[in-house]
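Chains as they are written, first to last, in numbering that gives the first Met the number 0: chain Y, 0 to 442; chain R, 0 to 442; chain B, 0 to 442; chain E, 0 to 442.
If you're looking for bench data, these hints aren't it; they were derived computationally from the structure.
Where hints are given, some of them may not hold.
The list cannot tell twin chains apart, which means a pair is met if one copy fits it or any two copies do.
[Said to hold, decoys possible] Straight-line C-alpha distance at most 16 Å; calculated EDC-like pairs for lysine to aspartate or glutamate:
| id | residue 1 | residue 2 |
| --- | --- | --- |
| 1 | 145 | 194 |
| 2 | 168 | 284 |
| 3 | 392 | 243 |
| 4 | 219 | 207 |
| 5 | 418 | 432 |
| 6 | 395 | 243 |
| 7 | 395 | 244 |
| 8 | 436 | 328 |
| 9 | 46 | 171 |
| 10 | 395 | 218 |
| 11 | 418 | 223 |
| 12 | 145 | 117 |
| 13 | 395 | 223 |
| 14 | 410 | 423 |
| 15 | 145 | 61 |
| 16 | 145 | 171 |
4 protein chains.
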Amino acid sequence: MQGFIKRYNTLPIREIWLVDIEDGKEKLEIVGALAQRMWDASPYDVKVHLTLDRREALKDADFVTTQFRVGLLNARIKDERIPLSHGMLGQETNGAGGMFKLLRTAPVIKGIVEDMKELCPNAWLINFTNPSGMITETVIRQCGWKRCIGLCNVPVNIMLQEPAMLGLKEGDLNFEFAGLNHFHFHRVYNAHTGENVTHQIAYKMMEDDKSNMQNIQNEKFLLDHLLAMDCLPCGYHRYYYLTDEMMKKELEDFAKHETRAESVKEVERQLFELYKDPALHEMPELLGKRGGKYYSDAACETINAIYNNSGKVMVVSTENRGALPDLPEDAIVEVSARITRHGAEPLAFGHMEPAVRGMVQLMKAMEETIIEAALTGNYNKALEAFEINPLVKHGKCAQELLDEMLVAHKKYLPQFAEKIAELEAKGVTVQDETARKLCEQGL
Amino acid sequence: MQGFIKRYNTLPIREIWLVDIEDGKEKLEIVGALAQRMWDASPYDVKVHLTLDRREALKDADFVTTQFRVGLLNARIKDERIPLSHGMLGQETNGAGGMFKLLRTAPVIKGIVEDMKELCPNAWLINFTNPSGMITETVIRQCGWKRCIGLCNVPVNIMLQEPAMLGLKEGDLNFEFAGLNHFHFHRVYNAHTGENVTHQIAYKMMEDDKSNMQNIQNEKFLLDHLLAMDCLPCGYHRYYYLTDEMMKKELEDFAKHETRAESVKEVERQLFELYKDPALHEMPELLGKRGGKYYSDAACETINAIYNNSGKVMVVSTENRGALPDLPEDAIVEVSARITRHGAEPLAFGHMEPAVRGMVQLMKAMEETIIEAALTGNYNKALEAFEINPLVKHGKCAQELLDEMLVAHKKYLPQFAEKIAELEAKGVTVQDETARKLCEQGL
Amino acid sequence: MQGFIKRYNTLPIREIWLVDIEDGKEKLEIVGALAQRMWDASPYDVKVHLTLDRREALKDADFVTTQFRVGLLNARIKDERIPLSHGMLGQETNGAGGMFKLLRTAPVIKGIVEDMKELCPNAWLINFTNPSGMITETVIRQCGWKRCIGLCNVPVNIMLQEPAMLGLKEGDLNFEFAGLNHFHFHRVYNAHTGENVTHQIAYKMMEDDKSNMQNIQNEKFLLDHLLAMDCLPCGYHRYYYLTDEMMKKELEDFAKHETRAESVKEVERQLFELYKDPALHEMPELLGKRGGKYYSDAACETINAIYNNSGKVMVVSTENRGALPDLPEDAIVEVSARITRHGAEPLAFGHMEPAVRGMVQLMKAMEETIIEAALTGNYNKALEAFEINPLVKHGKCAQELLDEMLVAHKKYLPQFAEKIAELEAKGVTVQDETARKLCEQGL
Amino acid sequence: MQGFIKRYNTLPIREIWLVDIEDGKEKLEIVGALAQRMWDASPYDVKVHLTLDRREALKDADFVTTQFRVGLLNARIKDERIPLSHGMLGQETNGAGGMFKLLRTAPVIKGIVEDMKELCPNAWLINFTNPSGMITETVIRQCGWKRCIGLCNVPVNIMLQEPAMLGLKEGDLNFEFAGLNHFHFHRVYNAHTGENVTHQIAYKMMEDDKSNMQNIQNEKFLLDHLLAMDCLPCGYHRYYYLTDEMMKKELEDFAKHETRAESVKEVERQLFELYKDPALHEMPELLGKRGGKYYSDAACETINAIYNNSGKVMVVSTENRGALPDLPEDAIVEVSARITRHGAEPLAFGHMEPAVRGMVQLMKAMEETIIEAALTGNYNKALEAFEINPLVKHGKCAQELLDEMLVAHKKYLPQFAEKIAELEAKGVTVQDETARKLCEQGL
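Let the hints inform the model, and build the full structure from the sequences given.
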């Protein structure tokens with residue numbers, strides 16, 4: 000709301016519809032009331048509608064934004080704890096957790112797109128449901144809905160922090176991003192001299208890497224590795240390039256019941272308490288801890304850029320078109336792109352150096368494979384995705400993890416119903432106690 | 000000068016060096032004096048230096064712009080008249096004439112780049128010497144000088160005129176360009192609604208195609224052909240898609256000694272008379288007739304965009320990087336690109352529809368082939384380029400044309416000296432009387 | 000039949016079904032009777048069935064071969080004479096004539112494939128209906144029938160004649176072919192030394208080019224052009240590289256009513272007289288004049304290679320798979336390929352040199368465009384194909400030719416019925432007298 | 000020698016030169032004497048020359064075969080034991096061990112190629128020095144020596160065993176291979192019916208995978224994973240798809256001092272005892288245990304195929320040319336190829352399915368990166384290769400492993416001399432006792 004209020008002059012919103020499912024009704028009412036209070040405290044006359052019927056909200060919409068978690072934070076707890084209980088990283092965006100989030104989410108987003116085709120065929124879908132890149136690939140490439148832009152706040156964060164790391168201000172650096180969501184790389188130039196300062200930042204990252212995300216343990220990259228690249232990784236690359244270190248830290252959190260999911264769940268509980276306060280009509284401080292900072296601003300800015308044809312360069316998930324010639328031309332990539340009235344125009348990045356190229360190609364392959372599994376319910380494809388995902392230990396152990404997670408997420412995986420029944424019959428059960436209890440409670 | 004004066008606030012030029020060769024000394028002095036008068040009439044204290052020694056001018060330059068014609072307008076007369084005397088289009092940019100312009104120019108630009116490597120290694124080379132795309136390919140891909148941007152005023156003209164054709168103003172349309180210099184295509188969108196209006200413009204082109212260039216006969220494209228494309232051609236495509244009509248018109252001009260070269264030569268003569276007038280300190284009206292309108296403004300704007308890191312989207316010749324995935328990733332293409340302090344960032348265009356793709360691929364092949372001939376003096380490669388160029392009639396007649404043009408341009412083709420001697424020994428002579436006389440006068 | 004009789008030991012045929020349409024009934028009976036006489040004169044007991052119902056023939060077939068001409072030789076007369084009457088090459092495979100042959104044939108082959116899906120889903124379709132490459136592209140890429148191989152006798156001829164040109168025997172040279180049907184290139188190596196002898200053959204072609212086809216005027220290629228290539232063209236490239244010379248010769252034939260179509264029609268008439276002779280039970284000498292020599296042998300050999308998994312290397316139209324990386328991976332190309340029980344395995348050729356690459360890319364683009372027109376009845380796409388085909392003069396004249404040919408072939412172009420009616424209403428008529436008379440006779 | 004004796008009729012060898020380095024003098028003499036005895040026992044008069052001067056041997060050679068191990072089996076012991084001592088797979092072909100083998104070997108093979116350019120410019124280099132694919136890439140792509148074919152016995156083994164697994168004989172199946180050395184995939188067809196039997200073999204692999212190599216632990220692949228693929232992996236893929244299981248087994252061997260290197264060293268010792276026996280003039284049984292079975296036969300067969308232009312289809316490392324369109328066109332790939340007098344003609348494989356494609360692309364990237372390190376001595380690039388190699392644990396631990404291995408292999412890594420000195424100064428030492436002792440003995 001803050002983002003929209005701030006931009007009202009250029010983006011004169013008429014109405015806002017907030018949608019949630021039955022299980023989120025209370026949350027919806029709390030958030031909806033706060034949202035209306037925020038507008039009421041502004042000079043603008045905007046009505047916030049609340050509904051549990053998404054079709055009512057979609058009808059004639061101009062912009063649709065999606066951010067939801069099928070299975071709520073309890074599902075995330077499973078996404079993180081079950082892999083860790085097998086000695087593997089959960090990584091809720093591209094690891095075993097992320098793949099399961101996709102398995103749960105893809106059928107739902109497909110349904111939303113089908114509704115949009117019918118109810119608001121000219122609307123833009125701004126997605127920041129994670130795994131954002133894979134969801135955007137599902138929407139654009141699999142469902143054929145071109146008017147979609149995928150967002151993520153990681154590049155926003157980088158572009159805010161890296162100038163500071165060099166003692167510069169926003170606007171003093173030029174960035175060129177390319178790769179995949181939570182797996183992108185970037186080159187940096189001084190905006191006043193044109194000089195490539197990518198390696199200068201690498202050196203600064205050894206002192207204090209402010210560009211990392213709050214939700215990622217701040218382990219230092221290896222300088223020699225950074226210098227081998229002609230670009231910089233993103234915070235999430237720690238899981239791939241510092242797997243050993245990240246594993247150790249996450250196992251500690253696991254033991255203390257302080258996985259990210261568990262922490263966030265507690266913060267959210269507190270946040271909703273605050274939101275209920277009728278005196279509150281701006282965002283509380285605490286939200287910062289929730290993570291996803293800048294997310295909402297990125298969404299507002301994207302809508303604003305489309306509506307006003309601003310040509311602003313943002314880092315978004317969109318159709319490749321050749322911008323990253325190392326990936327298929329019709330794959331979804333996360334790249335610097337100009338946002339105009341007719342969509343995102345990606346800036347061509349050119350070939351990546353081999354070692355960067357290879358990892359990006361592998362991750363895109365993993366994405367395509369798990370998306371196929373999600374949309375068809377093909378168990379073998381899901382296993383195949385697990386067996387090539389660098390965050391999963393490969394072998395029988397990967398299959399055991401897959402099977403246990405299928406059983407754990409049974410409620411939200413109708414496309415795998417038959418397979419899950421078979422697994423249960425074979426006696427597959429959830430080992431991690433916390434996760435198992437959630438299952439037992441029907442969560 | 001007007002362009003620089005207008006932009007002085009953001010682009011605080013200190014000195015300008017104008018360079019010409021010995022043969023252009025008088026022209027240099029006339030133009031140089033006028034240039035200085037223009038600055039003197041401005042509030043700014045800028046010194047215009049004149050020199051016949053390009054190394055003196057290059058020393059420590061920040062920006063170098065090149066626009067020259069090896070052999071002057073007399074060479075262009077040969078480029079146009081000799082092909083026409085064989086019943087073929089000369090087309091001084093991509094046809095037989097253009098290929099010969101490249102053969103004469105490539106060795107010279109190579110020398111300039113070598114000087115720049117030594118004397119101003121951080122300078123940007125803004126080229127608008129024609130054939131602009133092929134020269135840029137020579138500079139970047141063959142000579143390895145990356146800090147180069149190739150310019151052309153055709154897209155500028157299109158972006159100014161097409162809004163008017165729809166009754167709109169500049170800024171009301173979004174453009175996406177891709178292709179090669181003088182062989183680019185574009186898609187157009189309404190900047191307020193996002194609607195693709197490419198075909199709307201096609202219909203308007205049937206009434207009055209204001210987007211065409213002054214120097215190209217204004218023959219109407221075939222509507223049904225335009226509607227088969229998912230983009231629009233540029234003015235020069237008339238030579239390829241309306242070859243028959245263009246041929247007839249050019250043959251008429253040929254007969255009347257009103258080829259473009261001959262007309263321009265007369266206009267230039269008049270222009271230089273005007274330039275001499277010490278009272279003149281702004282551009283005379285007549286310059287409009289010369290063609291190349293907006294050229295100088297495009298150059299100033301590019302320099303300004305680089306210097307100020309403006310991110311302005313311009314249509315330039317630059318490295319492909321995948322922006323046009325139907326062409327090699329390291330080929331030079333003419334595309335919409337953001338201009339920043341570290342160069343041009345091309346906007347990815349994606350695959351072209353087959354018929355457009357095929358022509359662009361053929362023309363790039365022709366460019367690569369004639370460039371190889373230009374830099375190595377390989378006669379067979381020159382012939383091969385002639386035999387695939389769509390503006391040349393294929394067969395023995397193409398070879399006869401090539402041979403005659405080699406003899407006619409002997410003075411400026413040292414790399415073919417041996418072959419030309421052999422041709423002369425075999426009795427190859429220039430048939431067109433006008434062209435032959437120029438040769439006889441050592442021009 | 001000769002080909003099958005010769006191979007009976009390895010290819011034990013049980014029955015042969017010959018199919019024709021009602022108009023070909025008499026031909027079918029004459030040819031069928033001769034075919035049965037040939038088998039009867041052999042030691043083998045094979046029954047030749049004749050039918051006008053293709054579904055009867057297709058039922059449970061193992062191999063289907065297609066060679067037909069929609070509209071018979073009268074249509075070819077129009078394909079050749081109408082373009083020539085406009086001063087353009089007809090070129091009944093890839094020129095205006097070839098494009099029209101495709102427009103007439105694509106819907107018919109599509110119907111055959113649909114019948115095959117139903118009646119003989121495991122059969123192989125061996126196509127030598129021209130334009131063979133485009134028909135194969137239609138079958139495999141558009142209709143999705145993968146078990147198809149396209150044949151042409153041009154490479155067979157080259158591989159027989161080029162050894163002789165160097166004073167060598169069959170088997171003394173290795174060939175690598177790649178490109179498109181009637182538009183392929185090849186490299187040649189000495190099979191005993193590994194030496195690349197491509198240019199040696201180029202020199203020999205200046206003396207006597209035995210590798211040319213009987214149906215193509217034997218104009219000499221330009222040696223300097225051949226030497227610029229790193230491969231050799233095929234006979235049909237004369238139309239593209241010696242357009243001027245070929246035009247002149249064809250115009251002479253046109254004037255004398257000796258176009259290829261008219262000559263062949265006369266030869267066929269004589270042949271069928273001979274075929275009727277009950278004493279005849281082998282192929283008559285005269286067939287050589289008909290052209291298409293080796294065609295039948297190539298077909299038998301392909302079937303034999305598939306049936307016996309021979310791995311024989313043949314030059315066929317098949318899916319690219321990357322063999323020619325300059326064309327789309329799923330395009331149909333004509334390449335050297337191993338023929339096995341599971342189909343054609345193309346031999347990777349690698350990148351072509353630019354000038355060769357550009358022409359092949361253009362022709363593939365032309366093929367894709369006219370195929371789209373053929374299958375959708377999209378007039379604009381047909382025009383677009385005409386405006387990029389190098390054998391057509393570009394401009395309004397191309398459209399006039401297209402329109403006249405549409406009207407001339409009305410009977411066989413149901414997909415363009417509406418457009419043709421519109422053209423007739425506008426008064427478009429066939430100008431060439433011979434062609435017009437055929438139309439008036441309902442042929 | 001057996002392979003050559005067997006093929007003498009078609010491959011009439013005149014002389015054979017065996018070369019070794021000073022350290023291998025005794026081995027050379029033993030093997031050389033045995034080799035001569037084998038020829039003497041044959042009907043053919045062939046002289047086996049022995050030399051420590053490779054230039055003497057290379058002079059005027061027709062075929063050069065290379066199989067050597069820089070640092071002998073002691074280096075392999077380090078390649079395997081040091082990674083295992085860090086809890087990682089050594090994998091002496093593509094893992095940490097294989098990367099180090101490349102680092103030691105690339106400079107040596109480069110020197111050999113330089114000698115060949117001078118001494119036998121028309122010779123063919125048949126390489127089976129491991130890592131065979133990377134060495135071939137170094138020779139062809141980096142050193143520019145095109146007349147090179149890389150060999151491996153893994154595909155030979157597969158093509159011998161898989162028919163047996165289906166109860167068929169050699170020749171009953173058709174194979175299509177593509178990928179990289181020790182990282183290739185294949186599709187299988189019934190040679191009599193054309194049927195794709197790839198998945199049938201997958202099922203049989205669950206019973207008894209005879210296609211695996213003797214030197215690889217026979218852990219079973221996961222059936223569900225195999226069925227997700229449209230092709231089959233090779234034995235080495237166990238390291239990538241069953242990492243967990245392979246790790247456990249190798250750690251057991253490590254503890255028992257039965258790593259492959261240690262076992263082979265013992266077998267070799269015994270073999271050389273046998274070889275010394277003047278009565279021995281054929282290969283002893285024991286050689287089978289050495290592994291590398293069929294290697295020598297593959298080499299003889301390749302030479303024979305080249306010499307006789309046989310067109311035999313073999314699986315070799317050669318230039319891609321587009322055969323595997325998912326990898327760069329000029330990369331070295333291991334594919335089915337026809338072997339002719341002018342080299343290997345790869346069979347186009349087409350796109351791989353995503354999950355297979357991604358892994359192959361990653362491994363090629365790893366290869367390119369470590370090759371760059373090997374030829375330039377760039378430490379950062381070596382680290383980068385370690386950090387993306389799926390067999391290495393990523394993070395600081397990878398760097399520690401790299402550093403320790405650099406120190407351990409110091410003697411054979413002149414290109415890293417400076418860096419190694421720096422590491423030693425920092426106190427980096429070899430931890431594994433066995434490996435350290437070898438170092439201390441100067442081995």
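Structure-based check of all given hints:
| no. | hint | result |
| --- | --- | --- |
| 1 | 145 x 194 | between (36 Å within a copy, 13 Å between copies) |
| 2 | 168 x 284 | neither (24 Å within a copy, 46 Å between copies) |
| 3 | 392 x 243 | both (12 Å within a copy, 7 Å between copies) |
| 4 | 219 x 207 | within (8 Å within a copy, 46 Å between copies) |
| 5 | 418 x 432 | neither (23 Å within a copy, 49 Å between copies) |
| 6 | 395 x 243 | between (21 Å within a copy, 8 Å between copies) |
| 7 | 395 x 244 | between (24 Å within a copy, 8 Å between copies) |
| 8 | 436 x 328 | neither (45 Å within a copy, 51 Å between copies) |
| 9 | 46 x 171 | neither (39 Å within a copy, 31 Å between copies) |
| 10 | 395 x 218 | between (30 Å within a copy, 11 Å between copies) |
| 11 | 418 x 223 | between (46 Å within a copy, 12 Å between copies) |
| 12 | 145 x 117 | within (15 Å within a copy, 36 Å between copies) |
| 13 | 395 x 223 | between (34 Å within a copy, 11 Å between copies) |
| 14 | 410 x 423 | within (13 Å within a copy, 57 Å between copies) |
| 15 | 145 x 61 | within (15 Å within a copy, 43 Å between copies) |
| 16 | 145 x 171 | neither (34 Å within a copy, 23 Å between copies) |
The structure does not agree with the numbered hints 2, 5, 8, 9 and 16 stated previously, though it agrees with the rest.
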